[in-house]
Amino acid sequence: MPTTKKILITGATGQVAREVAESLAHDNEVWCLARFSDPDVEHELLARGIRTWRWDMATDTLDGLPDDFTHVLHAAAHRGDGTDFDAALEINCAATGRLMTHCRRATAFLYVSTGAIYARQELDHPHTETDPLGGQTPWLPTYAVGKLAVEGTVRAFATTLGLPTTIARLNVAYGPHGHGGVPILLFRRLLAGEPIEVPRDGQNYCNPIHTDDITRQVPLLWDAATAPARVVNWGGDDIVGVQDMLTHLADITGTKARFESSDVTRGTHAFDNTRRRALIGDCQVDWRSGLRRTLEAHLPDITVTPANG
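Residue numbers (UniProt numbering): 1 to 309.
These are computed hints drawn from the structure, not numbers from a lab.
Values in this document were obtained by computation on a predicted structure and should not be read as measured data.
All C-beta atoms, glycine included, are put in the ideal place defined by N, C-alpha and C.
Please note that the accuracy of each hint is not assured.
Simulated pairs of lysine to aspartate or glutamate, EDC-like, Cα-Cα distance not exceeding 16 Å [to be verified]:
1. K6 with D27
2. K6 with D67
3. K5 with D27
4. K256 with D244
5. K5 with E29
6. K256 with D201
7. K5 with D223
8. K5 with E22
9. K256 with E194
10. K6 with D223
11. K6 with E29
12. K5 with D81
13. K6 with E22
14. K5 with D84
What follows is a set of in silico ranges between Cβ atoms, one per label pair, in the way DEER data are often shown [claimed, not checked]:
15. F85 with D60: 18 to 24 Å
16. G193 with P306: 21 to 27 Å
17. H43 with T226: 33 to 39 Å
With these hints in hand, go ahead and build the complete structure from the sequences.
This is the structure in structure tokens:
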């Protein structure tokens with residue numbers, strides 16, 4: 001199949017963007033920008049025919065990088081140390097502005113934001129794209145602030161440059177690359193005998209989405225791009241309680257699920273996916289089967305009860 005797109009992907013060593021890059025490289029010319037602090041990852045991408053470009057958002061310009069990309073996926077983020085808000089805003093916003101200006105001739109630009117920017121409401125409230133913003137991430141305070149600031153930057157540059165753009169607010173992503181996602185991070189704590197912090201009343205909810213669905217939907221979100229930018233929630237079809245999800249993982253592995261009431265939890269948000277479904281359709285991976293496959297990829301030594309067991 002001939003090359004149809006010249007694609008630029010930032011943050012390509014991460015859990016989400018790496019799988020997208022590897023999948024799209026089968027039929028397209030794919031370039032990946034990252035710091036590549038792990039040279040093995042860069043070598044693995046190169047072995048798949050992906051071109052790499054070293055880029056530190058905080059210090060590097062894009063001088064010398066081609067500017068004829070047709071499609072851009074911007075997933076890189078400077079997460080910060082949790083305390084330096086000025087640095088988080090300066091690095092993320094300036095780097096994003098430079099990237100969009102450099103790729104101003106692209107057909108479509110996709111920015112991966114987060115549902116963490118939504119202001120907290122009732123724990124089971126399905127957030128829509130027009131709900132109030134101002135979310136907090138106590139586990140890394142600079143994260144949500146940086147993401148929200150970059151959304152403003154993306155909106156401004158999409159309109160100013162006339163660059164068709166989609167801002168996709170990602171929910172809880174999980175899959176075989178990176179650390180596996182929040183479900184695997186929390187499950188590893190259960191394996192270590194640690195209790196998971198949960199709200200004192202009720203539980204946090206999320207819409208877990210497997211990276212298989214993310215990879216399939218990226219081209220669809222490019223097709224949905226507009227100028228001014230279009231905002232869309234990007235999560236799985238099912239609203240799942242985090243405590244219920246971890247209990248399920250514990251049940252199929254014979255692990256003890258321990259929870260501890262706390263005022264500080266790894267807060268997540270439920271999504272109303274009406275807009276996403278209207279634009280690009282439904283997801284295909286059921287969260288139970290997807291988590292089972294993810295467990296087997298990251299923890300192959302763990303015995304998992306057969307699906308019909």
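To see whether the hints hold, each was checked on the structure:
1. With a CA separation close to 10 Å, the supplied pair K6 and D27 stays within the 16 Å bound.
2. Restraint check: the Cα-Cα separation between K6 and D67 comes to about 10 Å, which is no more than 16 Å; the hinted pair holds.
3. Restraint check for K5 and D27: satisfied, since their Cα atoms lie roughly 8 Å apart, inside the 16 Å limit.
4. A threshold of 16 Å between alpha carbons decides the hint, and for K256 with D244 the separation of about 13 Å falls inside it, so the pair holds.
5. With a CA separation close to 6 Å, the supplied pair K5 and E29 stays within the 16 Å bound.
6. This hinted pair does not check out: K256 and D201 have alpha carbons roughly 21 Å apart, beyond 16 Å.
7. Taking the CA atoms of K5 and D223, the gap is about 13 Å. The hint holds against a cut of 16 Å.
8. With a CA separation close to 14 Å, the supplied pair K5 and E22 stays within the 16 Å bound.
9. The straight-line distance between the Cα atoms of K256 and E194 is roughly 10 Å, inside the 16 Å bound, and the hint therefore holds.
10. The straight-line distance between the Cα atoms of K6 and D223 is roughly 15 Å, inside the 16 Å bound, and the hint therefore holds.
11. A threshold of 16 Å between alpha carbons decides the hint, and for K6 with E29 the separation of about 5 Å falls inside it, so the pair holds.
12. A distance of roughly 36 Å separates the Cα atoms of K5 and D81; the hinted pair therefore is violated under the 16 Å criterion.
13. With a C-alpha separation of about 14 Å, the suggested pair K6 and E22 falls inside the 16 Å cut-off, and the hint holds.
14. Our distance criterion of 16 Å between C-alpha atoms is broken by K5 and D84, whose separation comes to about 38 Å.
15. Between F85 and D60 the Cβ separation comes to about 22 Å, which falls inside the hinted range of 18 to 24 Å.
16. The given range of 21 to 27 Å is respected by G193 and P306, whose C-beta atoms sit roughly 26 Å from each other.
17. One distance hint, 33 to 39 Å for the beta-carbon pair H43 and T226, holds here, with the actual separation near 38 Å.
Of the numbered hints stated above, those contradicted by the structure are hints 6, 12 and 14, listed in ascending order.
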